[in-house]
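Asker: The chain contents come next:
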Amino acid sequence: MRITLTVNEAKRELEIEPGETLLELLRREGYKGVKKGCGSGDCGACAVLLDGRAVNSCLVLAVKADGREVVTVEGLADDEGLHPVQQAFLEEGAIQCGYCTPGMVIAAVDLLTHNSSPSEAQIREGISGNLCRCTGYVKQIEAIKIAVERMGEGADD
Amino acid sequence: MAVAHVKEYLRPTSLEEVLTSLREGGKGARVIGGGIELVLFSPPDVTTLIDLSELSLSYIKENEAGLAIGATTTLTQIIEHQTVAQYLDGVIVGMLHQVASPLLRNLATIGGSLASANPWSDVIPLFLALDAKVTLFDGKYHSIPLSDLYPTRSHLSGSILTEVLLPVPASGTAASFHQFSRTGFDVALLNCACLVKVDAGRCTVVRIVAGGTPRLGAALPAAAETLMGMELTDETIEQVAHVARESADTRDDRRASAQYRKQLIYVCVKRCLQEIRDRLAEGKQ
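Protein sequences, first through last, are from chains L and F.
The opening residue of the first sequence carries number 1 in our numbering; numbering runs sequentially from there.
The opening residue of the second sequence carries number 1001 in our numbering; numbering runs sequentially from there.
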């Protein structure tokens, strides 16, 4: 069956199987920033934005994305540079092996889009669906706090 | 592929079409909301998916009967709704924040949470304690107490769950929910929801529900009966928690032992009732 969706602002018409997941479709189409981790919604490595909300793409049927907008980590940066969350992760060293990073960044972008001044507890809850086996989460939380500040400054302009 | 045996995907635009597709699809047809469980468990007998997302069932409405929530409303949409945040001191939002992760709550629907009847569900015990009602459509609309849906779910055969209604709380009512899990994200080892209505200092309505025992959330009538007509004091709370522990039918599974769960029920009931007492006291000021 055919579906039409927007991936990172590009309209795509794709042939899919009805039982295929969004994760399988996106990786097949070359969006390798979307990682397969557990495949059961536990680790968050496969997170993408679906109509602006972060979801585990391993548990979303590809057909459910028909007519909707998908943003992967590849779609966050623009001509002016990285997304503030990506930039803060980079500067803070909130990465080690990097496998969880795309999903973690996507979850943080959802959080900051819907809550411009989250508390630390809310930041922790915001990334509670994303497992990181290397870093211990401290630097990610610091990075997200920095992104909050910068995005707040941008909003004042 | 994740769900390889699925051959057909339907997205009907009317409830009548859903029923027709269900009849035609027979045993292989499955209704999906967020579709999480379908992908996760990939049941081999499912060949046709009937997606409810085009039925305009994503809504939260306030009417004279209470808060009506459409079946395909996501848990995140409920958390972010201002009226829900005010319902009984935010007890629903407080519970939903403990369900899975934000990523999963963006997908999971309230209809799916109630219809799939997972024994570890946090939603079901609280909604049972709140005396929620569900609307089913089988060609006509029927409203039944949520408690009638379980444990068999026979009402769902040939029906679609379209809405859940949380009744307007009577004055002097407070509710509370507590759960234990190994991590913030894991399913509950045990959860408990209580609702109490107090008239002139005496408890006149009491509902105590425990879930993840490890079976589906169910009322603890002996514990509720102990509190009826009594005042909420340290002594009565202790007594009720004790009866809850003794009367609850807990079992062993790979997550926890029956004995440990009994102790968790005691602690959960106690915390719930203490919180209810505090909330009622705050409400009077």
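Misleading hints may appear alongside valid ones.
Listed below are the simulated DSSO-like cross-link pairs for lysine-lysine, each with C-alpha atoms no more than 30 Å apart in a straight line [as the list claims (entries may be wrong)]:
hint, chain 1, residue 1, chain 2, residue 2
1, F, 1140, F, 1197
2, F, 1140, F, 1061
3, L, 36, F, 1007
4, F, 1061, F, 1197
5, F, 1061, L, 11
6, L, 32, F, 1007
If you are wondering where the hints come from, they were derived from the structure by calculation, not from laboratory data.
Asker: Taking the hints in turn, state whether each one holds.
Answerer: Verification of the hints:
1. F/1140 <-> F/1197: Between residue 1140 of chain F and residue 1197 of chain F the Cα gap is close to 34 Å, so the pair fails against 30 Å, i.e. violated.
2. F/1140 <-> F/1061: holds, 21 Å
3. L/36 <-> F/1007: Holds, at roughly 24 Å.
4. F/1061 <-> F/1197: holds, 24 Å
5. F/1061 <-> L/11: With Cα atoms ~34 Å apart, residue 1061 of chain F and residue 11 of chain L exceed 30 Å; violated.
6. L/32 <-> F/1007: This hinted pair holds, its Cα atoms lying about 27 Å apart.
Hint compliance for this structure: hints 1, 5 are not met, and every other hint is.
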